Structures are given as structure tokens and as C-alpha cells.
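Engineer: Chain by chain, the residues run as shown.
There are 2 protein chains.
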Amino acid sequence: MREILITNDDSYTSKGIKVIIKLLAEYGNVTVVAPKEPQSGKSVAVTLNAPLRFNLHETYTHTNGNKVTIYTLTGTPSDCVKMAMNDLFVNDLPDLLVSGINHGSNASSGALYSGTLSAAIEGTLYNIPSIGVSVDDHSADADFSAVETILPKILDNYFKTELDKGVYLNINFPKCSPDAIKGVKIARQGKGRWTKEFERRIDPHGKPYYWMSGEFINTDTETTDADHILLENKYVTIVPHKIDTTDYNSVKLLESNWIL
Amino acid sequence: MREILITNDDSYTSKGIKVIIKLLAEYGNVTVVAPKEPQSGKSVAVTLNAPLRFNLHETYTHTNGNKVTIYTLTGTPSDCVKMAMNDLFVNDLPDLLVSGINHGSNASSGALYSGTLSAAIEGTLYNIPSIGVSVDDHSADADFSAVETILPKILDNYFKTELDKGVYLNINFPKCSPDAIKGVKIARQGKGRWTKEFERRIDPHGKPYYWMSGEFINTDTETTDADHILLENKYVTIVPHKIDTTDYNSVKLLESNWIL
Numbered sequence: 301m302r303e304i305l306i307t308n309d310d311s312y313t314s315k316g317i318k319v320i321i322k323l324l325a326e327y328g329n330v331t332v333v334a335p336k337e338p339q340s341g342k343s344v345a346v347t348l349n350a351p352l353r354f355n356l357h358e359t360y361t362h363t364n365g366n367k368v369t370i371y372t373l374t375g376t377p378s379d380c381v382k383m384a385m386n387d388l389f390v391n392d393l394p395d396l397l398v399s400g401i402n403h404g405s406n407a408s409s410g411a412l413y414s415g416t417l418s419a420a421i422e423g424t425l426y427n428i429p430s431i432g433v434s435v436d437d438h439s440a441d442a443d444f445s446a447v448e449t450i451l452p453k454i455l456d457n458y459f460k461t462e463l464d465k466g467v468y469l470n471i472n473f474p475k476c477s478p479d480a481i482k483g484v485k486i487a488r489q490g491k492g493r494w495t496k497e498f499e500r501r502i503d504p505h506g507k508p509y510y511w512m513s514g515e516f517i518n519t520d521t522e523t524t525d526a527d528h529i530l531l532e533n534k535y536v537t538i539v540p541h542k543i544d545t546t547d548y549n550s551v552k553l554l555e556s557n558w559i560l
Numbered sequence: 301m302r303e304i305l306i307t308n309d310d311s312y313t314s315k316g317i318k319v320i321i322k323l324l325a326e327y328g329n330v331t332v333v334a335p336k337e338p339q340s341g342k343s344v345a346v347t348l349n350a351p352l353r354f355n356l357h358e359t360y361t362h363t364n365g366n367k368v369t370i371y372t373l374t375g376t377p378s379d380c381v382k383m384a385m386n387d388l389f390v391n392d393l394p395d396l397l398v399s400g401i402n403h404g405s406n407a408s409s410g411a412l413y414s415g416t417l418s419a420a421i422e423g424t425l426y427n428i429p430s431i432g433v434s435v436d437d438h439s440a441d442a443d444f445s446a447v448e449t450i451l452p453k454i455l456d457n458y459f460k461t462e463l464d465k466g467v468y469l470n471i472n473f474p475k476c477s478p479d480a481i482k483g484v485k486i487a488r489q490g491k492g493r494w495t496k497e498f499e500r501r502i503d504p505h506g507k508p509y510y511w512m513s514g515e516f517i518n519t520d521t522e523t524t525d526a527d528h529i530l531l532e533n534k535y536v537t538i539v540p541h542k543i544d545t546t547d548y549n550s551v552k553l554l555e556s557n558w559i560l
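One line per chain: the protein sequences are A and B, in this order.
Taking our numbering, the leading residue of the first sequence gets 301, the next gets one more, and so forth.
Taking our numbering, the leading residue of the second sequence gets 301, the next gets one more, and so forth.
Isolated chain A (complex conformation):
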């Protein structure tokens, strides 16, 4: 029997996590440790300076007899994985960690800010096979039917593959019905960033304050394998990321040229 750990960054109340719990309960027992409050844009943040509350929210049996147990934590996605590993999976690792389904894309440099993927990073540090799943639709009632149709096919491949230690997957689905999807592509992290990132306002006392907003701009010149561009063109994208972010080419360059 597989033991599956689920978390996300949109909190335990989001539609995306409910959909993925139902889908993954087909594959094994599911333990959810999810943030009590939304944690979007939190990256791999951890809560060092505030106490955390950890509570059992619900347990039930899925239609196939698999168990589903849902906990909430007043912390970040990274905190949730740490709590699961320290309190629930003390002796045996889960067989799989899935974070999501996120309401909103985590393609391109979005991967760097993503709370969803931070849980996959944390899982990878613990040597758990880890996946982040997102849909390019921020709405609370986003349509996840393409995930329900296509993710099982991706998981069939995943369970047959031994990825390198230190590698996790970032899977992004376009905002469309299953029929409109053009295919599934292995991709790389596309290049892009945000611009016009703040909106300045004046408070009732005449003082300025700022809201983060911004527009994404593509800075990629290659378009055939950049995840955000494939996603825009209605492909499901799968990017393997690694937790070792050393640039080994630069290691060689600095070793040969620098006088230290």
C-alpha cells in the first residue's frame, strides 16, 4: 500500500487540494498536512519566529477503502512538510509527496517564488519522491478536469522511473478543458520576470503605501522548450528541477581564473 503525503500553498480549504486528495486516494492512503491560511508567494520560507499550531482536521475512508487523514498547520508549505516528517512519518518516508493543485501557474521564474514547489523542495531534502502540480488559473473555482484526466498518465510513468536523488517535478496545466490540451511536454524552466511590480496609493492620512502587483514579461529567446511558453500554447509542461543550484560551469571558471 502506498502512503502519500499531500500539501499545498492555497490552504486546506482550496478546491485544488480537494481535487488532488480525491485523485490520489485512488493510489494509496493519503495524509494531508496543509496550511491553515493561504501562503502564496512564500517560496521556501520557514517560520522561525512564531509558534505553530498543528491540528487534526478530519479523517475518513475513501470509496476504495483507503484512508484519508487531514491536518492543518498555521505555517508555510515548507513548515507543513517538516511537521509531517517530524511528527507523522518518523520511521518510514511517504512513497510520494504531491503539493497542489495550485490555483495559478508556477512556470518560468514563478518556480522561484512558489510556495507549492517549496513543499516539493522540502520533500526532496527528505528523499521523498516529490511533485508540484499547478493550473494556470487563479480563480477559486478553477477547472481541474484536465488534471483529473491527464495526471494519472503522468503518474504511471513517474512510478516506473527512478529519478536522481535531489530532483523534483514541476507540472503545470494550461487553463482549458481536457479536449483543448495539445499534449504533454518535458520542458525546462523558462526565462522571464515581472515588471511594474508595485501600485502606489495614498492612505487617508496622506502617506504613500504600495501593493505588489506586476506584469510578467518573457525574456526567453528559445521558445520550443521554455515551460511558460509551452503552457501558453496549451501544453501540459513537466520540468525536473534540482535542489542543488550550484552552477558547475562557473565553479570551473572561477577555480581556473581567480587569484585567492
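Source of the hints: derived by calculation from the structure; they are not laboratory data.
Values in this document were obtained by computation on a predicted structure and should not be read as measured data.
Warning: the hint list may mix true and false statements.
Which copy? The list can't say, so a pair holds if one copy fits it or any two copies do.
[To be verified] In silico lysine-lysine, DSS-like type, Cα no more than 25 Å apart, as pairs:
1. K465 with K453
2. K552 with K453
3. K507 with K336
4. K552 with K460
5. K465 with K318
6. K367 with K453
7. K460 with K315
8. K552 with K496
9. K485 with K542
10. K496 with K453
11. K465 with K475
12. K552 with K534
13. K552 with K465
14. K322 with K453
15. K453 with K315
16. K507 with K542
17. K482 with K336
18. K552 with K542
19. K465 with K542
20. K322 with K475
21. K496 with K336
Starting from the known structure of chain A, arrange chain B on it as the hints suggest.
Structural biologist: Using the frame of chain A, we list chain B on its own:
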């Protein structure tokens, strides 16, 4: 004249940022946009759901005539870089971004959680040459004299080198006097993670709560180039990191083996 942007994650009041401002004012005009409150462990978190306050704190002229301008922002290190780029460096990029000096090591997987390095990641997204500097000493009155002695030599090399776009440096100093330092090494992100990550307590109402704490454990088998081990052995370590965290070996593996 060089224009230098400085931020950190320990806030504008920390000793580390004061030391680096003084050191870098030797090289050019310095603009500081630093968090108003400490932001340790915040990774590349951005503030999406709260308004930010941005204020000029202080301006003065360094002994050599270079200008120093210090702003505070009620946000994360990543927010600080974004604000600097949106509000202060609208037409010209800074010539250099330095984040630090952090009170505490950011070696090994600490790099993934680091607020200090998140500023360097953000700077790299903007194509600014970016560096994070940390000392393996969490105390408020940490000794930064080794940085003052050795960082200028590292910067001399850095200014002569064209690193690949998308690469930033993570420089860690051991906790010791300049005399006790064994040397400066180009290194890679070492392997390790935390264990025993929470301390459980009971509140006055009988309910449990948790503080994050934890012990770092080494999981690296190679010791000659792992940054955290070199650091422990009193070397200054320089790791070039990249913002593209795609694992290209796995891209090839999945492309040839998966049926999608």
C-alpha cells in the same frame, strides 16, 4: 562611478549591514533598501497580501565623498530589491548588488531557505551582478573583521570576471578572526538538512504548540568541495549558484523514456 545596491534579511539595524555599507562605500555610491524588521528564513518570499511602507531613513557622505542613501521597507529581501528596481533604478541597473552581511551561515541547503540569497536571486532576475555574504555566527555582535580583510580581494577578482547571466555568488565566512582563516575556496552547495525540527510545548490552557528549532545533519559523502564542510574547516567558501534550477539530465531521461 559605481552604483551599488545593498540589502539583507536581518534588517537595516543589524551590525552586518552597517559593516558592508562602510566597506562598499569605498567602491562607489551606495543605495540601501533594507527590511524594516528581521526576515530570516524567508527564502524568495514576496509580500502579495499586505501593503508595504517604503521610507527614506538616512543620507550621508562617506569619507571619500561617495553618497550613502538608506531606505527601509516593511517587506522581505526580495520585496526590497523589487522596490529598488521599480522606484530608484528605473533607467539604469546598479553595477552591483550585495546582500548581507548575514548573521549566520547560508551554506549547504541553508541556501534554499536564505532571505539573504533571495535578494541575490531577485537581483539576478534583473541582470544585476549579485552576491550574498554571510558569516557563520548568529550573534548580534558577530565579528566581521575577516570579511573586512578578505572580501576586497574577492571583489577585485569579481570585477574582472564576466559570469554567465543567471549566476550569483554565495560567499560564507567562518566564525573566526582573519588570522585563523585557512584560505578561500570555490565550492559547491553541500548536501545536508535539518532534523528534530520542532520543539513541542504546552500552553497555559493545556494545548500544544510548536517552535521550529532543529539540528543540521551532513548528508554529503564528498567532503573536499562541499561548502558547509569547508566552512567548518575555517575556509571562506564561494559558491556560484544559478536561478535556472532545471535538471537537464533528467529532461533527457524523461524525454527518452516517458510515454505521454
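Engineer: So, for every hint listed, does it hold in this structure?
Structural biologist: Each hint tested on the structure:
no.: 1; hint: K465 with K453; verdict: within (22 Å within a copy, 36 Å between copies)
no.: 2; hint: K552 with K453; verdict: between (40 Å within a copy, 19 Å between copies)
no.: 3; hint: K507 with K336; verdict: between (33 Å within a copy, 17 Å between copies)
no.: 4; hint: K552 with K460; verdict: between (35 Å within a copy, 16 Å between copies)
no.: 5; hint: K465 with K318; verdict: neither (29 Å within a copy, 40 Å between copies)
no.: 6; hint: K367 with K453; verdict: within (23 Å within a copy, 60 Å between copies)
no.: 7; hint: K460 with K315; verdict: neither (29 Å within a copy, 52 Å between copies)
no.: 8; hint: K552 with K496; verdict: neither (37 Å within a copy, 36 Å between copies)
no.: 9; hint: K485 with K542; verdict: both (18 Å within a copy, 23 Å between copies)
no.: 10; hint: K496 with K453; verdict: neither (39 Å within a copy, 37 Å between copies)
no.: 11; hint: K465 with K475; verdict: neither (31 Å within a copy, 31 Å between copies)
no.: 12; hint: K552 with K534; verdict: between (39 Å within a copy, 22 Å between copies)
no.: 13; hint: K552 with K465; verdict: both (23 Å within a copy, 16 Å between copies)
no.: 14; hint: K322 with K453; verdict: within (16 Å within a copy, 57 Å between copies)
no.: 15; hint: K453 with K315; verdict: within (22 Å within a copy, 54 Å between copies)
no.: 16; hint: K507 with K542; verdict: neither (44 Å within a copy, 39 Å between copies)
no.: 17; hint: K482 with K336; verdict: neither (36 Å within a copy, 47 Å between copies)
no.: 18; hint: K552 with K542; verdict: both (20 Å within a copy, 14 Å between copies)
no.: 19; hint: K465 with K542; verdict: both (9 Å within a copy, 19 Å between copies)
no.: 20; hint: K322 with K475; verdict: within (20 Å within a copy, 50 Å between copies)
no.: 21; hint: K496 with K336; verdict: between (31 Å within a copy, 22 Å between copies)
Checked against the numbered hints given earlier, the structure breaks hints 5, 7, 8, 10, 11, 16, 17 and satisfies all the rest.
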